[in-house]
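Take these sequences, add in the hints, and give me the full structure.
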Amino acid sequence: MEGSKQSVAALEDAEDLVCPNTALLRRLGMWNGLDAAGGRIKSWVVWAMAAFISGSGAWKLCFDTPPELADVADYGYFVCHLSAVAMKVAFFILQRGTIQDLVKQLAYTRKTYGRTEANHRVRDVYRRRATKVYIVLQVLVVAIVSLWVSAPLFQDIRGPHPIWHPEHSPAFEIVFVMQLVFGTTATELAILLDTSYYKLMLMVTAELQILNDNMAVLGRADESADLKGSSATDVPGKERDVAIPPTKQTPVPDTEDNDLTRRLLYFQLVENLRHHQAIIKCFNLLQSMLMYSVTIILASNVFTVCFSIFIASVLFQSDGGMKRIKTLSGIPSVLGETGMLCIFGQMIVNQSERLRVSAFSCGWPDADARFKRTLLIFTMRTSQPLQITVGKLIRLTSPTFLQILNSSYTLINLLYQFQGPKN
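Residue numbers (UniProt numbering): 1 to 423.
Some hints here could point you the wrong way.
Using 27 Å as the maximum straight-line C-alpha spacing, the simulated BS3-like pairs for lysine-lysine come out as follows [as the list claims (entries may be wrong)]:
| id | residue 1 | residue 2 |
| --- | --- | --- |
| 1 | LYS111 | LYS132 |
| 2 | LYS104 | LYS392 |
| 3 | LYS281 | LYS372 |
| 4 | LYS281 | LYS104 |
| 5 | LYS281 | LYS111 |
So the derived label-pair ranges between C-beta atoms look like this [as the list claims (entries may be wrong)]:
| id | residue 1 | residue 2 | range |
| --- | --- | --- | --- |
| 6 | ILE174 | ASN350 | 45 to 55 Å |
| 7 | GLY55 | ARG128 | 33 to 43 Å |
| 8 | ARG27 | ARG263 | 45 to 55 Å |
| 9 | VAL181 | ILE280 | 37 to 47 Å |
| 10 | GLN417 | ARG27 | 46 to 56 Å |
| 11 | GLN403 | ARG40 | 29 to 39 Å |
Source of the hints: derived by calculation from the structure; they are not laboratory data.
Don't be surprised by glycine CBs; every beta carbon is placed ideally from N, CA and C.
Have a look at this one:
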């Protein structure tokens, strides 16, 4: 019972781990804190709004196909992009229990390990980074939605989204408002869910960096003061906030004080290993959460970028006008979404690979044999860095992003050759 209360308190203190704007995520019914089953009806209603706007576009494309190729391409881009949003929302709802477990594990890890002032500063840096990404994406969404809404004022476009429109008032205004509300909700949901994934990835990266920092200064006399507040709780009669005495850098006889120092150093190593095990649990939950969602995101983004450039190439050869600007305005957000997933995944790989260097940098030469054996096991365990994989084949790394760009360009070039003017 006591453990359950501590878990509840830890989760309540870590609500900001889920998303930079958790309050808005709650209002939309996508996050309900401790209640994994609560708010299901509201969340599925919100999903229905996103599914309706994409489904209506698919209906228009299939049963009332426009005669112009540019309009067909525009409808296809629209259906592809918002269908991916609807699937993303559905996966988030279905995996909300896994997300809750990840938040609990992160909250426990933050509360138990790395409690020094320097460690808290590291977490704050990553938290602010996630908030900045959310603000930038939010500004981009406002600009895109403004273009969609204002399109009918500049050109003969019947609404912000290409679905069926009635010819007369007030039915036209009603459909227009529905498009605006549903489309804005779907776009905002996409940004909230994306930034939730980004922030959770950054929080795992922060824990890896903290572990690297603590391992690197372990047993080093010149930086032992930074270890204050991180001593092991398993040492009888010792408080957690007692500084670890530095180990000597020259051979010394095995006195009682020296033996105590080495024992304290070993217990500090054990606590860092436990921190590493907690991080691995967080990473496994993160991997499970991203497995299906990121697969849909990457596949739809590659297809959407190709569709966007193809539409632009068609419209540039005709009088595209506002449609051309409207289509091109969505490309930066799609590329940015894919790029940030790969970049943040690469950050996890980099911090994970750094663990071996940090372990070798600690004060192991003057430690006892037990410390060296344990450190060797840790080094062997970290020889395989943590990598987020998609579909068990694709890794979220910077080289993957470059491959996506190259593949997109190849397909774009092929489509353009088919569409280009014939001599």
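Checked hints:
For the hint linking LYS111 to LYS132, the alpha-carbon distance of about 25 Å falls within 27 Å, and the restraint holds. For the given pair, LYS104 sits about 26 Å from LYS392 by alpha-carbon distance, which is consistent with the 27 Å threshold. For the proposed pair LYS281 and LYS372, the alpha carbon gap of about 25 Å is at most 27 Å, so the pair holds. For the proposed pair LYS281 and LYS104, the alpha carbon gap of about 11 Å is at most 27 Å, so the pair holds.
Between LYS281 and LYS111, the direct Cα distance comes to roughly 15 Å. Compliance with the 27 Å bound is thereby established for this hinted pair. Take ILE174 and ASN350: their Cβ atoms lie about 52 Å apart, and the range 45 to 55 Å holds. Judged by the Cβ atoms, the range 33 to 43 Å given for GLY55 and ARG128 holds: they are separated by roughly 39 Å. For ARG27 paired with ARG263, a C-beta distance near 53 Å keeps the hint of 45 to 55 Å intact.
For the hinted restraint 37 to 47 Å between VAL181 and ILE280, the CB-CB distance of approximately 43 Å keeps it satisfied. Between GLN417 and ARG27 the C-beta distance comes to about 48 Å, which sits within the given range of 46 to 56 Å. The hinted range of 29 to 39 Å is satisfied by GLN403 and ARG40, whose Cβ atoms lie roughly 38 Å apart.
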